Amino acid sequence: MDITLNPADLTHTIAFYTLALTSIVAALIVVTAKRIFRAAVALAVVLICGAGFYILLNYDFIAGVQLLVYVGGIVILIVFAVMLTSSLESIEEPPSLGRKALGLFSSLAFLATAVIAFSETKFPLSSISAEQPKDVAKAVGRKLLDYGAGGYVLPFEVISLLLLASVIGAIVVARNPKRKNEGSAT
Amino acid sequence: MGLATEKAPEYIERMPGGSFMLTRMDQVINLARANSLWPLTFGTSCCAIEMMMATGASRHDIARFGAEVARPSPRQADLIIIAGTIVKRMAPRLRTLYEQMAEPRYVIATGACTISGGPFIYHSYTTIRGADEIIPVDVYVPGCPPRPEALFYGLLTLQKMIKSGETVRKPGIRKKPVLSALPPDVSMKEIEAQMQEALEKDSEVDVEKTRQGLKWPTGI
Amino acid sequence: MSFSPELHHWLILSTILFSIGIYGVLTRRNAVGVLMSVELLLNSAAMNFLIFNHYASKPFIDGAIMALFIIAVAAAEAVIAMALFVAIFRSRKTVDVTQINTLKG
Amino acid sequence: MLDFLFGQLVATHATFDVVTLSDRTTQALAEDPWLAAGYALLGLAGVGGFLSLLGMALIYVERKVAAHFQCRLGPMRVGWHGMLQSVADAIKLLLKEDIIPDRADRVLFLIAPVFSIIATTLGLILIPMSPSLQVVDLNIGVIFISAVSSFGVLGILLAGWSSNNKWSLLGAMRAGAQFISYEISVTLSLLVVTLFAGSLQLSEIVQSQQDGWWIWRGHIVGLVAFFVFLIASTAELNRPPFDLPEAESELTGGFHTEYSGLRFSFFFLAEFINMFIASALAATLFLGGWMPFHIGGLHTFNGLMDLIPPGLWFAGKTTFIIFLIMWVRWTFPRLRVDQLMRLEWKFLLPVGFINLFAAATLVITKLYFFPW
Numbered sequence: 001m002d003i004t005l006n007p008a009d010l011t012h013t014i015a016f017y018t019l020a021l022t023s024i025v026a027a028l029i030v031v032t033a034k035r036i037f038r039a040a041v042a043l044a045v046v047l048i049c050g051a052g053f054y055i056l057l058n059y060d061f062i063a064g065v066q067l068l069v070y071v072g073g074i075v076i077l078i079v080f081a082v083m084l085t086s087s088l089e090s091i092e093e094p095p096s097l098g099r100k101a102l103g104l105f106s107s108l109a110f111l112a113t114a115v116i117a118f119s120e121t122k123f124p125l126s127s128i129s130a131e132q133p134k135d136v137a138k139a140v141g142r143k144l145l146d147y148g149a150g151g152y153v154l155p156f157e158v159i160s161l162l163l164l165a166s167v168i169g170a171i172v173v174a175r176n177p178k179r180k181n182e183g184s185a186t
Numbered sequence: 001m002g003l004a005t006e007k008a009p010e011y012i013e014r015m016p017g018g019s020f021m022l023t024r025m026d027q028v029i030n031l032a033r034a035n036s037l038w039p040l041t042f043g044t045s046c047c048a049i050e051m052m053m054a055t056g057a058s059r060h061d062i063a064r065f066g067a068e069v070a071r072p073s074p075r076q077a078d079l080i081i082i083a084g085t086i087v088k089r090m091a092p093r094l095r096t097l098y099e100q101m102a103e104p105r106y107v108i109a110t111g112a113c114t115i116s117g118g119p120f121i122y123h124s125y126t127t128i129r130g131a132d133e134i135i136p137v138d139v140y141v142p143g144c145p146p147r148p149e150a151l152f153y154g155l156l157t158l159q160k161m162i163k164s165g166e167t168v169r170k171p172g173i174r175k176k177p178v179l180s181a182l183p184p185d186v187s188m189k190e191i192e193a194q195m196q197e198a199l200e201k202d203s204e205v206d207v208e209k210t211r212q213g214l215k216w217p218t219g220i
Numbered sequence: 001m002s003f004s005p006e007l008h009h010w011l012i013l014s015t016i017l018f019s020i021g022i023y024g025v026l027t028r029r030n031a032v033g034v035l036m037s038v039e040l041l042l043n044s045a046a047m048n049f050l051i052f053n054h055y056a057s058k059p060f061i062d063g064a065i066m067a068l069f070i071i072a073v074a075a076a077e078a079v080i081a082m083a084l085f086v087a088i089f090r091s092r093k094t095v096d097v098t099q100i101n102t103l104k105g
Numbered sequence: 001m002l003d004f005l006f007g008q009l010v011a012t013h014a015t016f017d018v019v020t021l022s023d024r025t026t027q028a029l030a031e032d033p034w035l036a037a038g039y040a041l042l043g044l045a046g047v048g049g050f051l052s053l054l055g056m057a058l059i060y061v062e063r064k065v066a067a068h069f070q071c072r073l074g075p076m077r078v079g080w081h082g083m084l085q086s087v088a089d090a091i092k093l094l095l096k097e098d099i100i101p102d103r104a105d106r107v108l109f110l111i112a113p114v115f116s117i118i119a120t121t122l123g124l125i126l127i128p129m130s131p132s133l134q135v136v137d138l139n140i141g142v143i144f145i146s147a148v149s150s151f152g153v154l155g156i157l158l159a160g161w162s163s164n165n166k167w168s169l170l171g172a173m174r175a176g177a178q179f180i181s182y183e184i185s186v187t188l189s190l191l192v193v194t195l196f197a198g199s200l201q202l203s204e205i206v207q208s209q210q211d212g213w214w215i216w217r218g219h220i221v222g223l224v225a226f227f228v229f230l231i232a233s234t235a236e237l238n239r240p241p242f243d244l245p246e247a248e249s250e251l252t253g254g255f256h257t258e259y260s261g262l263r264f265s266f267f268f269l270a271e272f273i274n275m276f277i278a279s280a281l282a283a284t285l286f287l288g289g290w291m292p293f294h295i296g297g298l299h300t301f302n303g304l305m306d307l308i309p310p311g312l313w314f315a316g317k318t319t320f321i322i323f324l325i326m327w328v329r330w331t332f333p334r335l336r337v338d339q340l341m342r343l344e345w346k347f348l349l350p351v352g353f354i355n356l357f358a359a360a361t362l363v364i365t366k367l368y369f370f371p372w
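Residue numbers (this note's numbering), protein chains in the order written: chain R, 1 to 186; chain L, 1 to 220; chain S, 1 to 105; chain F, 1 to 372.
If you're looking for bench data, these hints aren't it; they were derived computationally from the structure.
Treat the hints loosely; a few may be bogus.
Taking lysine to any residue pairs in the SDA-like style, the calculated list, with each CA pair at most 25 angstroms apart, reads [said to hold, decoys possible]:
| no. | chain 1 | residue 1 | chain 2 | residue 2 |
| --- | --- | --- | --- | --- |
| 1 | L | 88 | L | 45 |
| 2 | R | 143 | F | 52 |
| 3 | R | 100 | S | 26 |
Derived Cβ-Cβ restraints for the label pairs, each shown as a range [claimed, not checked]:
| no. | chain 1 | residue 1 | chain 2 | residue 2 | range |
| --- | --- | --- | --- | --- | --- |
| 4 | F | 338 | R | 91 | 34 to 40 angstroms |
| 5 | R | 91 | L | 164 | 47 to 53 angstroms |
| 6 | F | 54 | L | 17 | 32 to 38 angstroms |
| 7 | F | 97 | R | 119 | 32 to 38 angstroms |
| 8 | F | 45 | L | 147 | 25 to 31 angstroms |
| 9 | R | 11 | F | 94 | 53 to 59 angstroms |
| 10 | F | 45 | L | 46 | 52 to 58 angstroms |
| 11 | F | 333 | L | 133 | 36 to 42 angstroms |
| 12 | R | 11 | L | 92 | 58 to 64 angstroms |
| 13 | L | 189 | F | 262 | 42 to 48 angstroms |
| 14 | L | 149 | R | 91 | 55 to 61 angstroms |
| 15 | R | 148 | F | 342 | 42 to 48 angstroms |
Partial selection, computed: residues in chain F whose CB lies under 7 angstroms from chain R [claimed, not checked]:
| no. | residue |
| --- | --- |
| 16 | 140 |
| 17 | 143 |
| 18 | 147 |
| 19 | 157 |
| 20 | 164 |
| 21 | 173 |
The model shown is predicted, which means the values in this text are computed figures rather than measured ones.
Ideal Cβ placement from N, Cα and C applies to all residues, glycine included.
Build the full structure now, drawing on both the sequences and the hints.
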């Protein structure tokens, strides 16, 4: 089954607003929760909602990758970081008032600027009759390995190098220096 | 499950035919509970070895009664088989383990040590005289250690008790514990009297006689 | 004005998520919390790519590829950040960003 | 006469039409919303009932298999040969006291088992059990299943953290580390089949095995991928010999140490259903799923094989793999943590990568059996 939702559908609209509300509430929990682990769970919810948005936009392959990498990998890594650096009882102190004011001001300023910019700009929308590629996964794959004009094979390789470098770097940084000579296998 | 077991029976009983239904439900529930006694992996000494023979070994196999799912966590266990001597150091831990178990919970005490202190009943300063001084015991299984068959008899006795609703109805109030595999003509009273007699006899110490019996020179 | 989501609905949504992320980055004390807020930012950026791809250049797939790249970069960043936090925690016993203020701890 | 019969049989060897429940629902939605609602309800009830029944059946089978491997009898008292043992267990677990530790993180403690069971359910609805017995057939099915299985480990991490118990925390961390490591191997072996079949959709992968299952059509490559998948998914399921997250002798109960009654049974159920999902996935990807045993070109033989309904084929293959996993469980001792990691990073991962290269070569050169 292809997940295709017609934007004019009522279900599409309801799904959009439900997901939007959930993700905004969860995002607020992410930035304000005093217990850091709850923030991590809320982050997982935001990312799952993000996958929902991608499905609404008809990019189901990207949604799958989002679930696989973000929820299955990154959130679990973050949860690990939380587990290694704090305990259940540790409650974060609220930020100082000045910091809060600064954060609130800059985020609201960004929001206002962006909204004004959106309302002022005329975006070159594609015509209604334009068709999305039938199989997103196939199209993405072909484009990623395309070395002609407009192909992405070089960035693809660079990303793979970046990932390799980050894995090696993480091992080097997190390695316990005291046990360097023992040569533990894990 | 607060709602299902505490609140719901009240409302069901008020309905016409409710008490009949409640009785039927009780029977089913008791049957389920009796046949799914997951033991805690708890053993302190030689009885534990014998218990392992009873639970795991192929010839005896406690799994036939649905009781082989040994849970290491007391939260998930229904039955604690106290196998082995309970010393005073162990006592608070045993109590904690018992309190950590979720209701309904049952206790089988196997072996002489857990019933009365066993060989340590006389002059030991470390041993608890019977596990029921710490936690309420449902079934005693005598023996030193009891054979697997005896343990099974104890388990079946516990199942019979649960099925007849003796310990299940009101978890707080317990009937008197029963001694599994008691010889037919002997009552608990007689055993207690004998034990008392033996204890008193043992406790009487003739000082003169003892002094004469000593091997080393006393005149110094 | 219709309620069915159009381009500006989507854009406002992703902007809201982005600004929440900015607030988090600026106010969070716990370094892991800051990392989470950064993930929020990255997520909303990826979403923007997909939104514009869907509404402005439907027959092409470049926005989706950008989203994929963002996800990959986020993964790399999370790995490094986790390693750093563990290393910092090992020497300072805290990951509070306001207290990590000396070099050569 | 015989010719006619075989002719009939060959005629039945037509392509199978895949009609999933969600397709039916979408079709009915256009005509009659109530019918669509009925289908949706049927799907929900079916999945729910299937989940609990299958869980109980698997627990019973596990206990019986374990008993017979150890020359015991297993449950005998409740029902014929203890058939109703799991029912008794379920009733008992339902009515057991529900303990929430005083210093636990209440909210997370309550949602953790739900997370786990939802992940399991989401995985279950994608499994094609026969052409008409599948709830949803996503075109990113393979990715979706491996993505959803990671929710389950999130539930485990939640449970371990929120219990406020050191054993739980250690068990959860072990589970997370093990899951992330072995997920790579699972994905690599899934990719092999995806390469062979040229699709991520589970029903299409099944239909691509019309002329032979990938486990032997892909020569050694398919076989290696199958075994890597089996080992790695056993590790993902936290089943022995990879059950370090709940190693009883070290960590009491691991992540579910503090859970009792109903909530514990959620984890228990999820574990067994995950085993079913892993077996069903292995059967679908490597052993042809509901596709009967076909050999390309032998129409009469294929027709004979088609006489057995596809649902039975699926059930048989899945049962075989479940038995295999149980066999492994009751045969091998538990690994140490460093051995576990060494097995993944130094053995399974390189094997997986080399295998993927070999698979790509096979696909490009079309060297596998029956390349038409």
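Now the hints, each set against the structure:
1. Only pairs whose Cα atoms come within 25 angstroms are accepted, and residue 88 of chain L paired with residue 45 of chain L is accepted, the gap being roughly 14 angstroms.
2. A C-alpha spacing of about 44 angstroms is found between residue 143 of chain R and residue 52 of chain F, which places the hinted pair above 25 angstroms, so the restraint is violated.
3. Between residue 100 of chain R and residue 26 of chain S the CA atoms are separated by roughly 8 angstroms; this keeps the pair inside 25 angstroms, and the hint holds.
4. Remark: the range hint 34 to 40 angstroms for residue 338 of chain F to residue 91 of chain R is upheld by a beta-carbon distance near 35 angstroms.
5. At roughly 51 angstroms, the beta-carbon separation of residue 91 of chain R and residue 164 of chain L lies within the given 47 to 53 angstroms, and the hint holds.
6. At about 35 angstroms, the CB distance of residue 54 of chain F to residue 17 of chain L agrees with the hint of 32 to 38 angstroms.
7. Taken as a hint, the range 32 to 38 angstroms is violated for the pair residue 97 of chain F and residue 119 of chain R, whose Cβ atoms sit roughly 59 angstroms apart.
8. Range check, residue 45 of chain F to residue 147 of chain L: Cβ separation about 50 angstroms, and the 25 to 31 angstroms hint is violated.
9. Roughly 36 angstroms separates the CB atoms of residue 11 of chain R and residue 94 of chain F, a value that falls outside the hinted 53 to 59 angstroms.
10. For the pair residue 45 of chain F and residue 46 of chain L, the beta carbons lie near 53 angstroms from each other, so the given range of 52 to 58 angstroms is met.
11. Checking the proposed 36 to 42 angstroms range against residue 333 of chain F and residue 133 of chain L shows it holds: the Cβ atoms sit about 40 angstroms from each other.
12. Between residue 11 of chain R and residue 92 of chain L the Cβ separation comes to about 60 angstroms, which falls inside the hinted range of 58 to 64 angstroms.
13. Judged by the Cβ atoms, the range 42 to 48 angstroms given for residue 189 of chain L and residue 262 of chain F holds: they are separated by roughly 44 angstroms.
14. Restraint check, residue 149 of chain L to residue 91 of chain R: a C-beta distance of roughly 56 angstroms satisfies the suggested window 55 to 61 angstroms.
15. About 43 angstroms separates the C-beta atoms of residue 148 of chain R and residue 342 of chain F, a value consistent with the hinted range of 42 to 48 angstroms.
16. Interface hint status for residue 140 of chain F: upheld, as the beta-carbon distance to the closest one in chain R is roughly 4 angstroms, under 7 angstroms.
17. At its closest, the beta carbon of residue 143 of chain F sits 4 angstroms from a beta carbon of chain R; the interface hint therefore holds under the 7 angstroms criterion.
18. With a cut of 7 angstroms, the hint placing residue 147 of chain F at the interface with chain R holds, because the nearest CB-to-CB distance is about 4 angstroms.
19. Satisfaction of the interface hint for residue 157 of chain F is found here, the shortest Cβ-Cβ separation to chain R being roughly 5 angstroms, below the 7 angstroms cut-off.
20. A cut of 7 angstroms between beta carbons decides the hint on residue 164 of chain F: the least distance to chain R is about 5 angstroms, and the hint holds.
21. Residue-level restraint check for residue 173 of chain F holds (minimum Cβ-Cβ distance to chain R is 6 angstroms; threshold 7 angstroms).
Hints 2, 7, 8, 9 from the list above are not met by this structure, while the remaining hints are.
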